[in-house]
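Start counting the sequence shown at 1; every next residue gets the next number (the numbering used here).
Honestly, the hints are just simulated from the structure, not real lab data. Keep in mind that a hint or two might mislead.
What the hints assert, rightly or not - Restraint ranges, calculated between C-beta atoms of paired labels, are given here:
id, residue 1, residue 2, range
1, His167, Ala87, 51 to 61 Å
2, Pro92, Gln189, 24 to 34 Å
3, Leu60, Ala35, 34 to 44 Å
4, Ala54, Tyr85, 27 to 37 Å
To be verified - Distance condition first, Cα-Cα at most 30 Å in a straight line; then the derived BS3-like pairs of lysine-lysine:
id, residue 1, residue 2
5, Lys118, Lys88
6, Lys44, Lys117
7, Lys164, Lys23
8, Lys84, Lys117
9, Lys88, Lys73
10, Lys93, Lys71
11, Lys84, Lys73
12, Lys118, Lys23
13, Lys118, Lys73
14, Lys73, Lys117
15, Lys84, Lys100
16, Lys84, Lys44
17, Lys71, Lys100
In this text the structure is predicted, and so the values were computed from the model without any measurement. Note that the Cβ used here is the ideal one computed from N, Cα and C, for glycine as well.
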Amino acid sequence: MVPTPTQTHLDIRDIQSDLVILKDGSACIVLEVSAVNFGLFSEKEQEATIYAYAQLLNSLTFSIQIVVSSKRKDISDYITRLEKYLAKTESPKIREQLVKYRDFIRAIVRQGNVLDKKFYISIPFSSLELGLGSSLRVLGNQKSQQNIPISNIVDRALTNLAPKRDHLLRLLARIGLRARQLNSAELLQFIIPKIWVPGSPSLRTIC
Numbered sequence: 001m002v003p004t005p006t007q008t009h010l011d012i013r014d015i016q017s018d019l020v021i022l023k024d025g026s027a028c029i030v031l032e033v034s035a036v037n038f039g040l041f042s043e044k045e046q047e048a049t050i051y052a053y054a055q056l057l058n059s060l061t062f063s064i065q066i067v068v069s070s071k072r073k074d075i076s077d078y079i080t081r082l083e084k085y086l087a088k089t090e091s092p093k094i095r096e097q098l099v100k101y102r103d104f105i106r107a108i109v110r111q112g113n114v115l116d117k118k119f120y121i122s123i124p125f126s127s128l129e130l131g132l133g134s135s136l137r138v139l140g141n142q143k144s145q146q147n148i149p150i151s152n153i154v155d156r157a158l159t160n161l162a163p164k165r166d167h168l169l170r171l172l173a174r175i176g177l178r179a180r181q182l183n184s185a186e187l188l189q190f191i192i193p194k195i196w197v198p199g200s201p202s203l204r205t206i207c
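All chains, full assembly: derive it from the sequences and hints.
Written as structure tokens, this is what we have:
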């Protein structure tokens, strides 16, 4: 990938093979994780979920980053459909309930509480694992870091990260969470808001 003028000012070196590769030789993969409505669980289900989550954390022998992405959700189409259904409803009791529900939804929208939240887990690969990171940092030479063949970084990172990813996927499934690895195109869409939106996590935090 040929560096763009913007890219020269960022930590990122490339995105390929479903990896985010940084200029210092480190890299990461990102998993998108589904959510569960914990509040709807029974007490036993909540306890089982907490126990499974604790097991997941205690089993980790490597670092991870948990990223929560929130943005306002446009539900105007939903309210429009609700209004149409309300107009067709003849039962006074059902209409009364629908009006209350519609007003409740409108109140939530006015308060700005309708958010679309997505959850991600980043698994990092350190440049130290290339056997070069410590010496390069001592030298403080970023150009030397970028001279590491990117194919070497990709091969080592994939070998290192694949078992960590699979371990996380298994344990997340025990909690009832579906997770999948973002591909290169999805990683680009995931990272752009982190670059341009003020207050978003930095790339260094994500990777």
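Is the straight-line distance between the alpha-carbon of Lys84 and that of Lys117 30 Å or less? Between Lys84 and Lys117 the Cα gap is close to 28 Å, so the pair holds against 30 Å.
Beta-carbon spacing of Pro92 to Gln189 - inside the hinted bounds 24 to 34 Å or not: Violated: the Cβ-Cβ distance is about 48 Å, outside 24 to 34 Å.
Could you say whether the range 27 to 37 Å given as a hint is met by the Cβ separation of Ala54 and Tyr85? The hint (27 to 37 Å, Cβ to Cβ) is violated, given that Ala54 and Tyr85 are roughly 44 Å apart.
Lys84 and Lys73: Cα distance at most 30 Å? Distance ~21 Å between Lys84 and Lys73 Cα, so the pair holds.
Holds or violated: are the alpha carbons of Lys44 and Lys117 at most 30 Å from each other? 26 Å, holds
For Lys93 and Lys71, compute the direct alpha-carbon distance and say whether it is at most 30 Å. With a Cα-Cα distance of about 35 Å, the restraint between Lys93 and Lys71 is violated, given a limit of 30 Å.
What's the verdict on Lys118 and Lys23, does the C-alpha distance respect the 30 Å limit or exceed it? 27 Å, holds
Given the hint that Lys118 pairs with Lys73, does the C-alpha gap stay at or below 30 Å? 12 Å, holds
Honestly, do Leu60 and Ala35 meet the 34 to 44 Å range at C-beta? Taking Cβ atoms as reference, Leu60 and Ala35 lie about 20 Å apart, which means the hint is violated.
For the pair supplied as a hint, Lys164 and Lys23, confirm whether the alpha-carbon distance does not exceed 30 Å. Holds, at about 22 Å.
Pair hint outcome, Lys84 versus Lys100 [Cα-Cα no greater than 30 Å]: Cα-Cα ~15 Å, so holds.
Under the criterion that the straight-line Cα-Cα distance not exceed 30 Å, is the pair Lys73, Lys117 satisfied? 9 Å, holds
Taken one by one, the earlier hints fail for this structure at numbers 2, 3, 4, 5, 10, 16, listed in ascending order.
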